[in-house]
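S.K.: If you want the building blocks of each chain, they are given just below.
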Amino acid sequence: MFPKNCWYVACTPDELDNKPLGRRICNEPMVFYRDAEGKAVALEDFCPHRGAPLSLGYLEDGQLVCGYHGLKMGADGKTDSMPGQRVQSFPCIKRFAVHERYGFIWVWPSDADQADINLIPHLEWAENPDWAYGGGLYHIQCDYRLMIDNLMDLTHETYVHATSIGQKEIDEAPVHTKTVDGEVVTSRFMDNIMPPPFWQMALRANDLADDVPVDRWQICRFTPPSQVMIEVGVAHAGHGGYEAPAQYRANSTVVDFMTPETDTSIWYFWGMARDFKPHDQALTDSIREGQGKIFAEDQDMLERQQRNLLEYPERRLMKLNIDAGGVQSRRLLDKMIETEAEAG
Amino acid sequence: MFPKNCWYVACTPDELDNKPLGRRICNEPMVFYRDAEGKAVALEDFCPHRGAPLSLGYLEDGQLVCGYHGLKMGADGKTDSMPGQRVQSFPCIKRFAVHERYGFIWVWPSDADQADINLIPHLEWAENPDWAYGGGLYHIQCDYRLMIDNLMDLTHETYVHATSIGQKEIDEAPVHTKTVDGEVVTSRFMDNIMPPPFWQMALRANDLADDVPVDRWQICRFTPPSQVMIEVGVAHAGHGGYEAPAQYRANSTVVDFMTPETDTSIWYFWGMARDFKPHDQALTDSIREGQGKIFAEDQDMLERQQRNLLEYPERRLMKLNIDAGGVQSRRLLDKMIETEAEAG
Amino acid sequence: MFPKNCWYVACTPDELDNKPLGRRICNEPMVFYRDAEGKAVALEDFCPHRGAPLSLGYLEDGQLVCGYHGLKMGADGKTDSMPGQRVQSFPCIKRFAVHERYGFIWVWPSDADQADINLIPHLEWAENPDWAYGGGLYHIQCDYRLMIDNLMDLTHETYVHATSIGQKEIDEAPVHTKTVDGEVVTSRFMDNIMPPPFWQMALRANDLADDVPVDRWQICRFTPPSQVMIEVGVAHAGHGGYEAPAQYRANSTVVDFMTPETDTSIWYFWGMARDFKPHDQALTDSIREGQGKIFAEDQDMLERQQRNLLEYPERRLMKLNIDAGGVQSRRLLDKMIETEAEAG
Numbered sequence: 001m002f003p004k005n006c007w008y009v010a011c012t013p014d015e016l017d018n019k020p021l022g023r024r025i026c027n028e029p030m031v032f033y034r035d036a037e038g039k040a041v042a043l044e045d046f047c048p049h050r051g052a053p054l055s056l057g058y059l060e061d062g063q064l065v066c067g068y069h070g071l072k073m074g075a076d077g078k079t080d081s082m083p084g085q086r087v088q089s090f091p092c093i094k095r096f097a098v099h100e101r102y103g104f105i106w107v108w109p110s111d112a113d114q115a116d117i118n119l120i121p122h123l124e125w126a127e128n129p130d131w132a133y134g135g136g137l138y139h140i141q142c143d144y145r146l147m148i149d150n151l152m153d154l155t156h157e158t159y160v161h162a163t164s165i166g167q168k169e170i171d172e173a174p175v176h177t178k179t180v181d182g183e184v185v186t187s188r189f190m191d192n193i194m195p196p197p198f199w200q201m202a203l204r205a206n207d208l209a210d211d212v213p214v215d216r217w218q219i220c221r222f223t224p225p226s227q228v229m230i231e232v233g234v235a236h237a238g239h240g241g242y243e244a245p246a247q248y249r250a251n252s253t254v255v256d257f258m259t260p261e262t263d264t265s266i267w268y269f270w271g272m273a274r275d276f277k278p279h280d281q282a283l284t285d286s287i288r289e290g291q292g293k294i295f296a297e298d299q300d301m302l303e304r305q306q307r308n309l310l311e312y313p314e315r316r317l318m319k320l321n322i323d324a325g326g327v328q329s330r331r332l333l334d335k336m337i338e339t340e341a342e343a344g
Numbered sequence: 001m002f003p004k005n006c007w008y009v010a011c012t013p014d015e016l017d018n019k020p021l022g023r024r025i026c027n028e029p030m031v032f033y034r035d036a037e038g039k040a041v042a043l044e045d046f047c048p049h050r051g052a053p054l055s056l057g058y059l060e061d062g063q064l065v066c067g068y069h070g071l072k073m074g075a076d077g078k079t080d081s082m083p084g085q086r087v088q089s090f091p092c093i094k095r096f097a098v099h100e101r102y103g104f105i106w107v108w109p110s111d112a113d114q115a116d117i118n119l120i121p122h123l124e125w126a127e128n129p130d131w132a133y134g135g136g137l138y139h140i141q142c143d144y145r146l147m148i149d150n151l152m153d154l155t156h157e158t159y160v161h162a163t164s165i166g167q168k169e170i171d172e173a174p175v176h177t178k179t180v181d182g183e184v185v186t187s188r189f190m191d192n193i194m195p196p197p198f199w200q201m202a203l204r205a206n207d208l209a210d211d212v213p214v215d216r217w218q219i220c221r222f223t224p225p226s227q228v229m230i231e232v233g234v235a236h237a238g239h240g241g242y243e244a245p246a247q248y249r250a251n252s253t254v255v256d257f258m259t260p261e262t263d264t265s266i267w268y269f270w271g272m273a274r275d276f277k278p279h280d281q282a283l284t285d286s287i288r289e290g291q292g293k294i295f296a297e298d299q300d301m302l303e304r305q306q307r308n309l310l311e312y313p314e315r316r317l318m319k320l321n322i323d324a325g326g327v328q329s330r331r332l333l334d335k336m337i338e339t340e341a342e343a344g
Numbered sequence: 001m002f003p004k005n006c007w008y009v010a011c012t013p014d015e016l017d018n019k020p021l022g023r024r025i026c027n028e029p030m031v032f033y034r035d036a037e038g039k040a041v042a043l044e045d046f047c048p049h050r051g052a053p054l055s056l057g058y059l060e061d062g063q064l065v066c067g068y069h070g071l072k073m074g075a076d077g078k079t080d081s082m083p084g085q086r087v088q089s090f091p092c093i094k095r096f097a098v099h100e101r102y103g104f105i106w107v108w109p110s111d112a113d114q115a116d117i118n119l120i121p122h123l124e125w126a127e128n129p130d131w132a133y134g135g136g137l138y139h140i141q142c143d144y145r146l147m148i149d150n151l152m153d154l155t156h157e158t159y160v161h162a163t164s165i166g167q168k169e170i171d172e173a174p175v176h177t178k179t180v181d182g183e184v185v186t187s188r189f190m191d192n193i194m195p196p197p198f199w200q201m202a203l204r205a206n207d208l209a210d211d212v213p214v215d216r217w218q219i220c221r222f223t224p225p226s227q228v229m230i231e232v233g234v235a236h237a238g239h240g241g242y243e244a245p246a247q248y249r250a251n252s253t254v255v256d257f258m259t260p261e262t263d264t265s266i267w268y269f270w271g272m273a274r275d276f277k278p279h280d281q282a283l284t285d286s287i288r289e290g291q292g293k294i295f296a297e298d299q300d301m302l303e304r305q306q307r308n309l310l311e312y313p314e315r316r317l318m319k320l321n322i323d324a325g326g327v328q329s330r331r332l333l334d335k336m337i338e339t340e341a342e343a344g
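Protein chains in written order, with UniProt numbering: chain S, 1 to 344; chain P, 1 to 344; chain G, 1 to 344.
No lab work stands behind these hints: they were computed from the structure. Check before you lean on any hint, since a few could be wrong.
One copy or any two copies: either way a pair holds, since identical chains are not told apart in the list.
[Stated by the list, open to error] In the SDA-like style, the derived pairs of lysine to any residue whose C-alpha atoms are separated by at most 25 Å in a straight line are:
#1 Lys-78 - Val-327
#2 Lys-78 - Ser-265
#3 Lys-319 - Pro-197
#4 Lys-72 - Glu-15
#5 Lys-319 - Ile-193
#6 Lys-168 - Val-87
#7 Lys-94 - Ala-205
#8 Lys-39 - Tyr-312
#9 Lys-178 - Asp-280
#10 Lys-4 - Pro-313
#11 Lys-19 - Gly-240
#12 Lys-319 - Ala-173
#13 Lys-4 - Glu-303
Next up, chain S with everything else stripped away, as it sits in the complex (with noise of 0.2 Å):
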């Protein structure tokens, strides 16, 4: 259950190296390669002549070609030319529309036709030299909602990550969820609190003491599809907490998406971005090992919570205020779920 008319991230420029890349994306098998000009493609992964995985063969000047029987593919998923053959009449493969757009590769899963590059949710960060960003991707059997649901309750900390980012404050800070704009947005706000492990080493890593009272935030926004971005941060407390002056603060941007592989799978892509010493790639790499720790802890409860869930199909879930978040979300999905529907 997910829309298909709208943007997900599909890979990273990285994995688009001189091979093509095979990822299942909304229950689509699709090749992902670049082109002669270095232009991202994404085409069916089905070979028109014997259906043969196009992901297995190889590029050739930026042209797919087909790795059992030599067909080379137009990055409009018309045959191209094949050896010794007249290929005009060949059968086309899906084209899927793709960008490359803030440092990473969209797809639109649906009609290519109607893709429009302008939907592709603006990531300020991305662009602003001021901003470093580190990531990486997990993949996870689960729906992709229940990974909405858990970005959008941040209480999990506590028992989750308890080791580094959970702190028992959160609970007990109210939280506040909203609709607006077409996204969702859950905020909490902790003040005059210690700062847990994770936190500690940010303060650090700004130069601000580690051992004193701080205002804490979290900023949940869920952008239909499929992307949620948190801004975390502390603060001395004291100084204004979300509105502090930067020199109290430390402060980024979680950055997730979850794109669905099939109904209970997702190619999850998560990051940090943040806008102190955006320069300094050691402390983005001795971050990303930090949060690709955190945030594989959720794994094995989302993967098992899915089995529970498959298991008891009947049984329907509470939604208490912590859930507002991913509760609302899923009004916006179920929204653009029945508006495909009615079209088409």
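Add chains P and G to chain S, keeping to what the hints say.
M.R.: Below, chains P and G alone, put in the same frame as chain S:
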């Protein structure tokens, strides 16, 4: 096809340490733990909030805490508390009746209110200080009734356990099977034969000559739903066999509980109880090691038999005299299942 | 979708050592062994007593004994004896016709009474002392017809086997396909080309210069239900090609039997027969090793193609001139399957 209004061995006390234990029994996902008083508890392994498995959580002063969002579950299946929430209206989860006795945790997989601890079968050896016990647990992919068949027809020892307890004379001795007082007993007596390797070892452990003829016996007793106790032993020939005075005997009780996990898999608790040298822990360990090796020999046969039966569901198996133990055991089980179906 | 009234290669003699061999062929679980006279036998892999797989048993003087309870099975599928039992009324299990010939054990998966050993296709190289043979066995997850397609269209060599036997000129040479006398023959002749690495090696093994132009040929012959023999070779250019005298030639016969295990998996017996240096065992071993590596390159492609076809069952594959070998082979198979359906 198993009765559910009855007691099954769920786990052993050493499996309930400081963490919850997730275990599926009779197709029910359960979580086991000890409460603040050390009493064993079993609940459905499903958090009423978002369906996470409670067995991924932790224990806080004997209370089960969900590892996802910190819901605290009561031993009665009612949510006790959750940070920042009123929990009175939370849906309950299933509570299962459990009871610790004889060195095992027993569970009643259906309605807890019907559970009667007086129905746990009496195990003399477990309470008598003249006896010692050692055992283990195997997870086997077969219907629990295939294991009952296996244990109620020991002619397989000659073939499956040829190098330890098997010997030709088992096949040659007549077998007697009867159903008495809701139990099935099948027995075999082999007089004046040479002891096979396992019994030579047991004779030596009893300070008896191991190279002289013995009288050997096997008395298998099935108690529904899934318990087989086997009195096994040898005595120097001519001293009365099964009735021989202790100074001529080496004997013990093979202990088997095969708890259904699903229709085609079991938790197989196996062990051996003995009434000689009960305080000799090294002997207990050595017997357990030997028995563990022997009982592992059955696993492949049972799993492959199960796959063959799934492949040919319409075939009727033979019911020979040697199969009478299994056949009569299944009759008792069918009756229990039928009674349950009528009742509920 | 495979015919069953016909011979398939089941195993090689070295697989029938002192233990029974369990192998599924055409969806039938079978057990193979040699009787007291050394004659190969095939039976259903199902003990009539309790359904244990007989292949887990053992051989006693050429008699198959069930490893569970010692039932002794006759080579005719009738139980011969069982300890303490009268076996006359035991149900029979299926016996399959088997015949050992040409260095293979052949099996007829349907009614044994219809099996006619004269229908085993003649293999000249297997009986002629001027020839040597070496080969191996791969287990591949694909429909046997995908492997037939593969072998009847060698243009894939250029892509799948680019570093050994592939070369651009294969694609460029016209292919001729015809069905004659119940066989399909597809042939390709490439004159005055440079030999690829594998054939350079073969030329050297024949004490011929490996750096001069050659005439190369490939003559693929499909014999139903699942045999493809390919005459392959090169001769120094200008000496008559396929007809060239032996002193200018390096040639051999690629041997392929793809026995269906299930609808989407095969036992693939591959090998090479040659009529030069037939007694040079080191050469046989070295050819087998090289061929094994080359043929392993097809596995991933075929398995991934199979998965793609299962995903899109409604898609029709193309039938180009290069596919004529596979297309005509499937036509013969369809006819056989239809004839069987009408008969039975």
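S.K.: Hint by hint, note whether the structure agrees.
M.R.: Status of each hint after checking the structure:
no., hint, in the structure
1, Lys-78 - Val-327, "between (43 Å within a copy, 24 Å between copies)"
2, Lys-78 - Ser-265, "neither (30 Å within a copy, 32 Å between copies)"
3, Lys-319 - Pro-197, "neither (31 Å within a copy, 64 Å between copies)"
4, Lys-72 - Glu-15, "within (22 Å within a copy, 43 Å between copies)"
5, Lys-319 - Ile-193, "neither (28 Å within a copy, 71 Å between copies)"
6, Lys-168 - Val-87, "between (66 Å within a copy, 19 Å between copies)"
7, Lys-94 - Ala-205, "neither (48 Å within a copy, 49 Å between copies)"
8, Lys-39 - Tyr-312, "neither (45 Å within a copy, 28 Å between copies)"
9, Lys-178 - Asp-280, "neither (36 Å within a copy, 69 Å between copies)"
10, Lys-4 - Pro-313, "both (24 Å within a copy, 23 Å between copies)"
11, Lys-19 - Gly-240, "neither (51 Å within a copy, 42 Å between copies)"
12, Lys-319 - Ala-173, "within (18 Å within a copy, 67 Å between copies)"
13, Lys-4 - Glu-303, "within (23 Å within a copy, 29 Å between copies)"
The structure shown violates the earlier hints numbered 2, 3, 5, 7, 8, 9 and 11.
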